[in-house]
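Asks: Sequence:
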Amino acid sequence: MHLLNEKKRTKNTKDLDKEFYSKILFIRRFEETLLELFSDGQLSGTVHTCIGQEAIAVAAMRNVLEGDTVFSSHRCHGHYLAYGGEPLALLAEIMGCHEGLNCGRGGSQHIAYKNFYSNGIQGGIVGNAVGIALAEKLKDEDNIAIVFLGDGTLGEGIVYEVLNISSLWSLPILFLLENNLYAQSTPCEKTLSGTIRGRAEAFGINYNETDSRDPVILDKVICDCVNYVRTNKKPFFQTIDTYRFAAHSKGDDFRDKNEIEKYKRKDSLSLLSNRINPDVRQIIEKSVEDEISELLKKSKQLTKPKKDLGIKQLEKAIHIKSKNLPSLSFTAETYVGSLNKALHAMMAIEKNMIIIGEDIVDPYGGAFRVTKGLSTAFAGRVFASPISEAGIVALAVGASLKGYKVIAEIMFGDFLTLASDQIVNHASKYNWMYDNKVTTPLVVRTAMGGRRGYGPTHSQNMEKMLLGIPGLTVICPSLFHNPGMLLHYSVNLGSPVLFVEPKELYSKKLLDCQDGKFNWFNVQSDNAVYPTLNFTLNLNQSPDVVLIAYGASSQMAVEAAENLFRDEEILCNVIIPSLLAPSPMQAIASFLGNCRNVITIEENTKRNGWGSEIIASLSETIGQINSKRIAAQDCPVPASKTLEEYMYYDVYDIEKSVKQLLGYDESNN
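Counting in this note's numbering, the sequence shown runs from 1 upward without gaps.
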């Protein structure tokens, strides 16, 4: 193991003073230069400086090993530079240039370099860092995770979810809290009740507190913290009292000027300056100024990024070929059986695959028994978590960043709202935001839908809330698909997948389409990894209407099509995608052919739903169409069986809608 900055590391106190003075001064001048560039109109967006807090970054990074992972927040420049990051690459990123760390995609708050990451969402990164610590524990090496958070971050609920898990599972992570006394502009005494110590110790985590004035003393404190975590393989919480001299971001500063001046008199640079020989200090200061001048000179040569948004990579679920994914062999009769047997087969093959969720270990095996037997067969790789949906997904995201293939089970889809920040602002962003430097092989499995009498908070179809998130693939297999195989493909996709499992289907038998046939239907497939199926009763005739359905609606659509042909001689094709986002519009349009009468069917409520997107996309692609949408009524799902049945549609409602679209006068029937 090697210290990240070992070549520059020294134990002599005088040399330490010079090292700290040089590094702290460079970080400060770098960020002061950023503020100057903003004032001159050369930068856009925003920037959050750590001016006054630099000693923490320098002291912390002196104790980081090459294999350790550091997670920082929106105030990340000092951490990155102390970590050993290239200053020009950071400047280029903040300037939005091609030569930037992420080619300008991330900007000031969102950077990735080796094992250093930052993101601008308060609290969420703490969960990701704990997930990284879980990965390090599973690898059984001496690497640890270090996460920076501020006093304001203690207002975020996910922090407490993952503090609990980190202690409960004894994970090697150091929580470094930079207490600069303000949550943006609000004093901490107005945002925090109780003590910071009390928060850590409530979860059984050892705690210490110091200040950042003397970097040499701080270096020793952090060294002890790191050694504790590395040796004991347990979390530690270190608070460092500090103060930022500049505003929260580039805007105005409303703090009391006398207060700011009071803390400036305790500046680490001033302390070090008094301990360094004046001649030596001048040499250091000139060297730093020369570096900054050279940076500015080089910045004139930076180029604008190419006008390529990387959308194809975001939509890889459409473009990926099955031959590029590993195969899997298993057989099952039911929907839940397919998922369970696939998981057993995957866990046997993928030694770096783990599962996290509530109540998923034996003898229970999950609320719907999807994970039955897994914790027995694969001990140490199936984790029963507390009731912490945000924490579950946050840990899964972090572990996936370290190369683990992770399935996070959210017991009911209704609970996705509790984890939505992790899905929207972390998992789906990292790959793209970091210019494809990382992968996040993560699947969030969840049971969706009503018709089971579970009532308003355990019956919703929440997928439409997440269908429009770039970088997130949404899958929903029907009984006509192979759900276990699609889950296998999702685990190996290398990017986040929301895997929707209609709970109504769990106990039902799969409906195999043998030799391209199902009952009287011919069944065609686009042969994609996530196949779109086309059911037709006549391959040589254009249908009167095309029904487009997914998930639990699919079987009803096929039944309605069969009834309509038998009873009314109305020819209906049924298109059944398994991929909901990004929408497989090319396959749908191809199967639609010349037909312009379209009905979408979904379990979601109708307003702003999946059907609206499909119809709008078809209209843009092929021109005017006649359309109807069938969906649940726009209200919460009732617990009463009578009311629930009234809220949803059935086969008869589908048949009725087809006739209405075609202008049939049902009064004559």
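Hints were generated in silico from the structure; no laboratory data involved. Each hint should be verified, as a subset may be incorrect.
[As the list claims (entries may be wrong)] Taking lysine-lysine and the DSS-like style, the derived pairs with C-alpha atoms no more than 30 Å apart in a straight line are:
1) Lys-316 / Lys-304
2) Lys-316 / Lys-341
3) Lys-266 / Lys-114
4) Lys-321 / Lys-304
5) Lys-114 / Lys-137
6) Lys-656 / Lys-606
7) Lys-437 / Lys-509
8) Lys-307 / Lys-114
9) Lys-372 / Lys-137
10) Lys-137 / Lys-508
11) Lys-14 / Lys-286
12) Lys-351 / Lys-234
13) Lys-114 / Lys-297
14) Lys-372 / Lys-509
15) Lys-437 / Lys-114
16) Lys-351 / Lys-341
17) Lys-508 / Lys-641
18) Lys-18 / Lys-304
19) Lys-509 / Lys-341
20) Lys-351 / Lys-517
21) Lys-18 / Lys-114
22) Lys-437 / Lys-316
23) Lys-307 / Lys-286
24) Lys-234 / Lys-137
25) Lys-351 / Lys-114
26) Lys-321 / Lys-18
27) Lys-312 / Lys-137
28) Lys-307 / Lys-437
29) Lys-659 / Lys-628
30) Lys-656 / Lys-628
31) Lys-18 / Lys-297
[To be verified] Pair by pair, the computed Cβ-Cβ distance ranges are:
32) Ser-329 / Glu-569: 19 to 29 Å
33) Asp-308 / Asp-224: 28 to 38 Å
34) Gly-155 / Lys-659: 32 to 42 Å
Even glycine gets a Cβ: it sits at the ideal position worked out from N, Cα and C.
Asks: If a hint holds in the structure, say so; if it doesn't, say that too.
Replies: For each hint, the structure was consulted:
Among the hinted pairs, Lys-316 with Lys-304 is consistent with the structure: their alpha-carbon atoms are about 26 Å apart, no more than 30 Å. For the suggested pair Lys-316 and Lys-341, the alpha carbons sit about 26 Å apart, so the restraint of at most 30 Å is met. Under the criterion of a C-alpha separation no larger than 30 Å, the hint pairing Lys-266 with Lys-114 is inconsistent with the structure, at around 34 Å. Note on Lys-321 and Lys-304: the hinted pairing is violated, with a Cα-Cα distance of about 33 Å set against a maximum of 30 Å.
Under the criterion of a C-alpha separation no larger than 30 Å, the hint pairing Lys-114 with Lys-137 is consistent with the structure, at around 20 Å. Proposed proximity of Lys-656 and Lys-606 is supported: the alpha carbons are some 17 Å apart, at most 30 Å. Restraint check for Lys-437 and Lys-509: the C-alpha separation of about 42 Å exceeds 30 Å, so the hint is violated. Pair hint Lys-307 plus Lys-114 holds up; C-alpha atoms about 26 Å apart against a cutoff of 30 Å.
A distance of roughly 25 Å separates the Cα atoms of Lys-372 and Lys-137; the hinted pair therefore holds under the 30 Å criterion. At most 30 Å may separate the alpha-carbon atoms for a hinted pair to count; Lys-137 and Lys-508 exceed this at roughly 39 Å. As the CA atoms of Lys-14 and Lys-286 are separated by approximately 19 Å, the hinted pair is consistent with the 30 Å bound. With a C-alpha separation of about 24 Å, the suggested pairing of Lys-351 with Lys-234 holds against the 30 Å cut-off.
A distance of roughly 26 Å separates the Cα atoms of Lys-114 and Lys-297; the hinted pair therefore holds under the 30 Å criterion. With a C-alpha separation of about 18 Å, the suggested pairing of Lys-372 with Lys-509 holds against the 30 Å cut-off. With a C-alpha separation of about 9 Å, the suggested pairing of Lys-437 with Lys-114 holds against the 30 Å cut-off. For the hint linking Lys-351 to Lys-341, the alpha-carbon distance of about 16 Å falls within 30 Å, and the restraint holds.
With a C-alpha separation of about 20 Å, the suggested pairing of Lys-508 with Lys-641 holds against the 30 Å cut-off. Distance restraint check for Lys-18 and Lys-304: the Cα-Cα separation of roughly 37 Å exceeds the 30 Å cut-off, and the hinted pair is therefore not satisfied. At roughly 14 Å between alpha-carbon atoms, Lys-509 and Lys-341 fall within 30 Å of each other, so this suggested pair holds. Pair hint Lys-351 plus Lys-517 does not hold up; C-alpha atoms about 37 Å apart against a cutoff of 30 Å.
Annotation: proposed proximity of Lys-18 to Lys-114 holds, straight-line Cα distance about 27 Å (limit 30 Å). Proposed proximity of Lys-437 and Lys-316 is supported: the alpha carbons are some 16 Å apart, at most 30 Å. Annotation: proposed proximity of Lys-307 to Lys-286 is violated, straight-line Cα distance about 39 Å (limit 30 Å). Of the supplied pair hints, the one linking Lys-234 and Lys-137 holds, its CA atoms being roughly 10 Å apart against a limit of 30 Å.
Proximity of Lys-351 to Lys-114 is assessed by CA-CA distance (about 24 Å); at most 30 Å being required, the pair is judged to hold. Our distance criterion of 30 Å between C-alpha atoms is broken by Lys-321 and Lys-18, whose separation comes to about 56 Å. For the hint pairing Lys-312 with Lys-137, the CA-to-CA distance comes to about 35 Å; that exceeds 30 Å, so the pair is violated. Proposed proximity of Lys-307 and Lys-437 is supported: the alpha carbons are some 19 Å apart, at most 30 Å.
Distance hint between Lys-659 and Lys-628 is fulfilled; the C-alpha atoms sit about 11 Å from each other, no more than 30 Å. The hinted pair formed by Lys-656 and Lys-628 meets the criterion: a straight-line CA distance of about 11 Å does not exceed 30 Å. Of the supplied pair hints, the one linking Lys-18 and Lys-297 holds, its CA atoms being roughly 26 Å apart against a limit of 30 Å. The hint said 19 to 29 Å for the Cβ distance between Ser-329 and Glu-569, and at roughly 43 Å that hint is violated.
Hint check: Asp-308 to Asp-224, Cβ distance near 47 Å, so the stated range 28 to 38 Å is violated. Separation of Gly-155 from Lys-659 is about 56 Å and departs from the stated range, judged on CB atoms against 32 to 42 Å.
Checked against the numbered hints listed earlier, the structure breaks hints 3, 4, 7, 10, 18, 20, 23, 26, 27, 32, 33, 34; every other hint is satisfied.
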